[in-house]
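Build the full structure now, drawing on both the sequences and the hints.
One letter stands for each residue in the lines below.
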Amino acid sequence: MMFDVTIIGAGVVGCSISRELSKYNLKTCVLEKSNDVASGTSKANSAIVHAGHDANPLTMKGKLNAIGNKMYAKLSEELDFPFKMNGSLVLCFDKEQLGDLNTLLEQGQTNGVPNLVILNGEQVRKMEPTVTKACVGALYAPTGGIVCPYEMTIAMAENAYTNGVEYKFETEVISIEKTTDKYIIKTNNETIETKVIINAAGLFSDEINNMVSQHKFEILPKRGEYVLFDKAAGDLVTKTIFQLPTKLGKGVLVTPTVDGNLLVGPDAVDAASKNDLRTTTEGINDILSNAGLSIQEPLPMNMVITSFAGNRAKNATNDFLIGEATDAKNFINVASIDSPGLTCAPSIAVMVVDIVIEKLSPEKNLKFNPIRKGIRKFREMSNEERKEIIEEIPEYGKVICRCETVTEGEIIDSIRRPLGAKTLDGVKRRTRAGMGRCQSGFCSTRVVDILSTELNIPRYEVTKSGGDSILLTGKNKESL
Amino acid sequence: MQEYDLVIIGGGPAGLAAAVSANDQGINSILIIERDDQLGGILNQCIHNGFGLHTFKEELTGPEYSKRFIDKVVALDIEYKLDTMVLDVNDDKQVTAVNTEDGILEIKAKAIILAMGCRERPRGALNIPGSRCSGIYTAGTAQKYVNVEGLMPGKEVVILGSGDIGLIMARRMTLEGAKVKACVELMPHSSGLKRNIVQCLDDFNIPLKLSHTITNIVGQDRLEGVTIAEVDEHRKPIKGTEQYIPCDTLLLSVGLLPENELSRQANVKLSRVTGGPEVDESMQTSIPGIFTCGNVLHVHDLVDNVTTESYTAGKNAADYINGIHHVGTGIEVFATAGVRYTVPQTINAENIGDGIDVRFRVGEVFKNSYVSVYFDDALEMHLKKKILTPGEMESVKLTKAIFNKYSDCKKITIKIEKE
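Keeping their order, the protein sequence lines are chains A and F.
Under our numbering, the first residue of the first sequence carries the number 2, and numbering increases by one thereafter.
Under our numbering, the first residue of the second sequence carries the number 46, and numbering increases by one thereafter.
Hints listed in this document are in silico derivations from the structure and should not be mistaken for laboratory results.
It is possible that some hints are incorrect.
[Stated by the list, open to error] With beta-carbon atoms standing in for the labels, derived distance ranges: (1) F/K239 - A/R460: 35 to 45 Å; (2) F/K153 - A/E298: 30 to 40 Å; (3) A/E385 - F/A423: 53 to 63 Å; (4) A/N276 - F/E377: 54 to 64 Å; (5) F/K126 - A/E385: 18 to 28 Å; (6) A/P143 - F/D82: 47 to 57 Å; (7) A/K378 - F/E48: 24 to 34 Å; (8) F/A423 - A/S383: 54 to 64 Å; (9) F/K126 - A/K368: 46 to 56 Å.
[Stated by the list, open to error] When the alpha-carbon atoms are kept at most 30 Å apart in a straight line, the in silico DSSO-like pairs for lysine-lysine are as follows: (10) F/K138 - A/K388; (11) A/K223 - F/K284; (12) A/K232 - F/K314; (13) F/K254 - A/K476; (14) A/K251 - F/K281; (15) A/K476 - F/K224.
The beta carbon of each residue, even a glycine, is placed where N, CA and C say it ideally should be.
Here it is in structure tokens:
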């Protein structure tokens, strides 16, 4: 099978590139080693669409951030994923550091961030009354935003797929061979031939690069832990609250999520491995006490619903590594995408596709349809809309996840739609079933039943997240 | 909009008993709304025996106990809807619910009884560190798999927490062929019933590790093991006491939380201690005409207590509908000195008939102590108790005669005293 372009990795970057490529007449495929999109860094991060004042203007991060930010409003409308421009504040707690806010403001302006303004402590608290009295000033960025990163990735992938991109899951690259005019990619399943490779393998992009290029690099996973609070605590703050970095640390953020929860984190610890996603007591205590510095009231610890960790795909340069490998024609790295990688995913996609266009000169895909409709969310409907949809699809009348009010209709849709869910986590990320305060205690048995019926597999083959993550080990008394 | 005299939210033991009791008082227009596909609530998965010793003077399994009430509800022709989820309740006593047949149901009630039960505290609420692999279940979820579906969640099990469901599941998992390696409890005492510790752990040689906790969860896809450690008096792990236990399953029995999302929507005032509504002697919440009973009010150990409490709620809801319920401010019941809370929190003696059971829990273990009840400053009751533990709900019976004696009383205090 010969492809024009093969993207390795179905995270937010790979999926965004695939969707951008589907605007052209190219034979494109995406290889993903796990069984779903957004299975790595894209599923566990701060979910922030940064305004763009943090990065040095001379870096790729500085160049791509504000451009990426500007693309979100249209994308979220076309692709029907949740995004909100809620604005962000960088808090300063020390009068002597107020100058640093100015530096950030100027840097932001150079980067093309609009409407940045510096507020004094009183103005900050007027805007966000829970901010601590210790705050002496802040940089306010009205264009800062929040997004659901996995739903965005899913939306990108679904839209790319319906516009002709192939997705191959549970397909892990084992080796890559370069010939004069193409690459031969050996995977655990099949061998793929391709003219162009785009390495969007996230935490594993170093391994992919090092199969092809002599210019080797290393991804050093940096783990960040987060604590998520119940929706009942979601209105503690309305804006994303950053802290100005000090000698003591980079600071942690406190933010509402686009789904209405409250999120605090992250810390930054060298991970033991790329799969090391554990949380630690020290890490959690650390982010909670640091987050506490931003707000006046104590954090509502009785409303914590979960904690989690994600790994940043960092390398030593501290900047994105985007471009063709100098010693491997048509092998394009999109590596070392750590923060603000989520924000930049759309602008990275445009940049990478420009490189591909230059190489392959494809024609435009005149049939490209930019619109993807998400799962219709029962919880967001009026009672009139609910009545209508239950008449049309009776399964919308059966609530499966009671914490998040997710119906059977939505879960079935999540499984049946293009690139649909195959696991409990897949259903969870597409519908929010199991994301609420009981953390799937009630609905998991029911979702397992639906997955088993829809996928036509026995219940003990249903997994949490693919691989060996089985949920059930057999029947009662089997091992007696 | 449909109209009913009484809407009961939840068709578990609390809702069923309340329905029967309201019907006894002549209320015929009753609707029970149940989200599951059958009545009976959590009892349907509690296939062990030990239910009904007080109510029926015999030992029943959970499904047998609930069957007795389901049969009564059916015999009395009380209306119920299954697979129906309540989406909203407001303080005007309007209920919005959904199911596949009726679509959106809008109901106006004269009185409502909240009987939604409780849910289990999940791992996330405790911030237990470690990996997010599969194989970690609340004890109740595992119980549903094993007892209702006949499927095993795992083979080698560690249980965190010694709540009753965890203890019951230690025995069940063993009987069904799993190896239960330990039951780990953070506190120096169990939160479960003594009889469950004896019958579910001791009889099967399952070690109960008091003052221990889990400090790490290991496993890439499926759980591979947990690290446990002893804790000091501040419940912090003691360095050097860590011990790794290989296992593929971790069951959590770390507390039950009354499920009061709907109560909150109806602006019902909730107690910070129980997590359930604050109630008066009639099991009436802060919203007149909205009553509550069972685990949504406060978590019970024995279903028999749920039943008597729910009879009270049902009777008083009926009185309210019939216009014979006495309105008026009650006497405050104050919990202190070892008593964590009481239910009810206020008492209007006009509505208690011959007397009222005041239920409470203690916050720690007390040996050879007294439960004292003061009416204002007068010590009225001083009951010797060999042992009081947080795992066992206590109660005192306050008769109408006592209230008559202290007709000007402003405050009742219940506390634990040494002598």
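What are the numbers of the hints that this structure violates, sorted from low to high? none
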